[in-house]
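Visitor: Got chain A sorted already, so can you dock chain C onto it with the hints?
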Amino acid sequence: MQPRAKPSRALPSPDKTTVLVTGVCGRLGKRLVRVLHRNVRVVGVDRRPFADKPKDVMHEQLDMRRKKLKDVFRNFKIDAVVHLGIMHDPRASAAEHHSWNVAGFGKLLDYISQFEVPKLVVLSSANAYGPQAGNAQFLTEDAPLLGGQNFSDIRDLIEVDMLAQSFFWKLPATETVVLRPVHIVGTVRNAASNFLRLSTIPTVMGFDPMVQIIHEDDVVASIVRALEPNTRGIFNLAGTEPLPLSRLVALTGRPTVAIPHALARPILEQMWNFRLTTFPPPELDHIRFVCMVDDRRARDQLGFRPANSARECVTSLASGKW
Amino acid sequence: MGRAPNFTLAADETLESLLGETYAARVARVPLQLGETGVDPFGLDPQFAKYALLWVAWMHRHYFRSEVFGIENVPKGRMLVISNHSGQIPIDGMMIGASMFMDAEPPRIVRAMVEKWASSLPFVSLFFSRVGQVTGVPENARRLLEQGEALLVFPEGSRGISKPFDQRYQLTDFGLGFMRLAIETQTPIVPVAVVGAEEQYISVANVERFAKLFRMPAFPVIPQWFVPGGQLPLPTRYRIYFGEPLTFQGDPDDDDSVIEEKVQAVRQTIQSMLNRGTKERKHIFW
Numbered sequence: 175m176q177p178r179a180k181p182s183r184a185l186p187s188p189d190k191t192t193v194l195v196t197g198v199c200g201r202l203g204k205r206l207v208r209v210l211h212r213n214v215r216v217v218g219v220d221r222r223p224f225a226d227k228p229k230d231v232m233h234e235q236l237d238m239r240r241k242k243l244k245d246v247f248r249n250f251k252i253d254a255v256v257h258l259g260i261m262h263d264p265r266a267s268a269a270e271h272h273s274w275n276v277a278g279f280g281k282l283l284d285y286i287s288q289f290e291v292p293k294l295v296v297l298s299s300a301n302a303y304g305p306q307a308g309n310a311q312f313l314t315e316d317a318p319l320l321g322g323q324n325f326s327d328i329r330d331l332i333e334v335d336m337l338a339q340s341f342f343w344k345l346p347a348t349e350t351v352v353l354r355p356v357h358i359v360g361t362v363r364n365a366a367s368n369f370l371r372l373s374t375i376p377t378v379m380g381f382d383p384m385v386q387i388i389h390e391d392d393v394v395a396s397i398v399r400a401l402e403p404n405t406r407g408i409f410n411l412a413g414t415e416p417l418p419l420s421r422l423v424a425l426t427g428r429p430t431v432a433i434p435h436a437l438a439r440p441i442l443e444q445m446w447n448f449r450l451t452t453f454p455p456p457e458l459d460h461i462r463f464v465c466m467v468d469d470r471r472a473r474d475q476l477g478f479r480p481a482n483s484a485r486e487c488v489t490s491l492a493s494g495k496w
Numbered sequence: 048m049g050r051a052p053n054f055t056l057a058a059d060e061t062l063e064s065l066l067g068e069t070y071a072a073r074v075a076r077v078p079l080q081l082g083e084t085g086v087d088p089f090g091l092d093p094q095f096a097k098y099a100l101l102w103v104a105w106m107h108r109h110y111f112r113s114e115v116f117g118i119e120n121v122p123k124g125r126m127l128v129i130s131n132h133s134g135q136i137p138i139d140g141m142m143i144g145a146s147m148f149m150d151a152e153p154p155r156i157v158r159a160m161v162e163k164w165a166s167s168l169p170f171v172s173l174f175f176s177r178v179g180q181v182t183g184v185p186e187n188a189r190r191l192l193e194q195g196e197a198l199l200v201f202p203e204g205s206r207g208i209s210k211p212f213d214q215r216y217q218l219t220d221f222g223l224g225f226m227r228l229a230i231e232t233q234t235p236i237v238p239v240a241v242v243g244a245e246e247q248y249i250s251v252a253n254v255e256r257f258a259k260l261f262r263m264p265a266f267p268v269i270p271q272w273f274v275p276g277g278q279l280p281l282p283t284r285y286r287i288y289f290g291e292p293l294t295f296q297g298d299p300d301d302d303d304s305v306i307e308e309k310v311q312a313v314r315q316t317i318q319s320m321l322n323r324g325t326k327e328r329k330h331i332f333w
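First to last, the protein sequences are chains A and C. Per this note's numbering, the very first residue in the first sequence carries number 175; after that it's consecutive. Per this note's numbering, the very first residue in the second sequence carries number 48; after that it's consecutive.
Chain A on its own, in the form it takes in the complex (with noise of 0.2 Å):
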């Protein structure tokens, strides 16, 4: 059999079955690139250099929406595909934003389909629920994607959520999960962390809803589940047992102050049109109103438990480099 890689690369042996992920330069990418590189071949794939790789993985510098992306599909036999390369940048202009994350997964999913690969993960988020006040407790995998409902620059990342799901139809052939967990975590800059991580935090009077966060580390775990084979479907990831919003911020024992929704949102408004903070006005609602997730399917079936408490999660908040 003809070697499918260009023979400059060193590859290793070529029965190990090869993950491609995308976006392996977040945070999070190279969360999982650590842990998979040791059991199979990993090529990753992103707009950004990866610096401080691991030698054995392969990385590809490239956008999603060029052409270049097939040949990583011609290069090496890939057998599963993360997909962690959603831009969730709410400065990005929403042209941009919509064609990387839309028609770039688009791309993603052609190849897929075209090279026939068995497996495809897609990272969702339980936020594409959306916080809503009439919202159910614990919202279960069949609840409708509200969240562009009050927050429309996140459409496109519902939309990519869709698009997984038609996939399920489309191309019964691949197994194609789609996890939605709620808030991450960690080392990871996304609205949560970094929300725990303001010198005050900020809470809105009158509103303490309770709240579930999820540790990066059971993220990475949970994908590393969903990559065994016979694994398909959506599954919500609830991470740590729900508690209230205030006892989650008096865990990272900071000052909070207490602010009028009245005042608050045309604060953040004004903070944002100014650029002075890197919250959109509607993630005002996360601290208003509940938007839990049910995970039940997910330790039935991907057989999942979170590993770390509240409490560990807001630990790792500081540790790492960021």
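By construction, these hints were calculated from the structure, which means they are not laboratory data. Just so you know, even glycine gets a beta-carbon here, dropped at the ideal spot from N, CA and C. Treat the hints loosely; a few may be bogus.
[Unchecked claim] Here are some, though not all, of the chain A residues that point toward chain C, as calculated from beta-carbon distances under 10 Å:
# : residue
1 : Ala307
2 : His435
3 : Phe463
4 : Val464
[Unchecked claim] Quick look at which bits of chain C chain A covers, simulated, 3 or more residues with Cβ under 8 Å:
# : segment
5 : 76-85
6 : 88-94
7 : 153-167
8 : 186-199
Guide: Same frame as chain A, but now just chain C:
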């Protein structure tokens, strides 16, 4: 610093005298699923609820001087408590909750299904959540019943609570959701009639245009609110009747007309309990 522990101590003592035992001892007998933080998954925090209970218990015993009938009908496991809804402000729910906690054996913390609108209000949503009330969506109800909890549902909803005075003790239409839920989860229904709440606030009209304007479920006109001290409910005497549990069989996804019949059976039961209760009482205030 000095005042807080004194207040806690005084609260504990008052509660003990109202309950006949310490709060902790009573809470220990309630089947609860508290997490590491001492808060249950729906946000119920017994330490917070203690202070709420303090004045609810006082209202129950001394302000409304509630008389509770048939509390021995309350079963042990999961149940749906179905009651009439009245009084403009859901004090009736609090008093049912108080009697389930103070008078039933074993004590139960009843969880009411709260109007979604309330979950969007500051302080109100927080308060409701910490005392164990949950947003009124079927998923929550199903989950609580699976946990073996006692659920309080007012099938009249905001239609019932905002009834003007001339329609007192006349049940409005019942929603069908609770019956489907009861059949699906094989849960006994405990019919409850609350007599006395209708007279606590006398509403002469419900201005729907204002309700719409302010996005409220109802806009009652209550003249006593304009009199100093009239903001408090009138100290009517509450009479709370717990009926025998009813169980229903059938298909939870049946036609509305079939479910409607079963709902009517519950409605009739509560209406006749109400009629009996209003007839039996000698006076609104004592």
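Visitor: Tell me if chain A covers the segment 153-167 of chain C under the three-residue, 8 Å CB rule, please?
Guide: Check passed, 4 qualifying residues.
Visitor: Quick check on histidine 435 (chain A) please, does its C-beta sit within 10 Å of some C-beta on chain C?
Guide: holds, 6 Å
Visitor: The segment 186-199 of chain C covered by chain A? Criterion: 3 or more residues, Cβ-Cβ distance below 8 Å.
Guide: With 3 residues close enough to chain A, the hint holds.
Visitor: Can the segment 88-94 of chain C be counted as covered by chain A under the rule of three residues or more with Cβ-Cβ separation shorter than 8 Å?
Guide: The restraint on the segment 88-94 of chain C holds, since 4 of its residues have a Cβ under 8 Å from chain A and three suffice.
Visitor: Verify the interface restraint on phenylalanine 463 (chain A): the C-beta must sit less than 10 Å from at least one C-beta of chain C.
Guide: holds, 7 Å
Visitor: Double-check alanine 307 (chain A) for me: the hint is only fine if its C-beta lies closer than 10 Å to a C-beta in chain C.
Guide: Hint holds; alanine 307 (chain A) Cβ to chain C Cβ min 4 Å, cut 10 Å.
Visitor: Verify the coverage statement for the segment 76-85 of chain C against chain A, using a C-beta to C-beta distance below 8 Å and requiring 3 or more qualifying residues.
Guide: holds (count 3)
Visitor: Is the hint on valine 464 (chain A) kept, meaning its closest Cβ partner in chain C is under 10 Å away?
Guide: At about 8 Å, which falls below the 10 Å cut-off, the nearest Cβ of chain C leaves the hint on valine 464 (chain A) intact, so it holds.
In terms of the numbered hints stated before, the structure departs from none.
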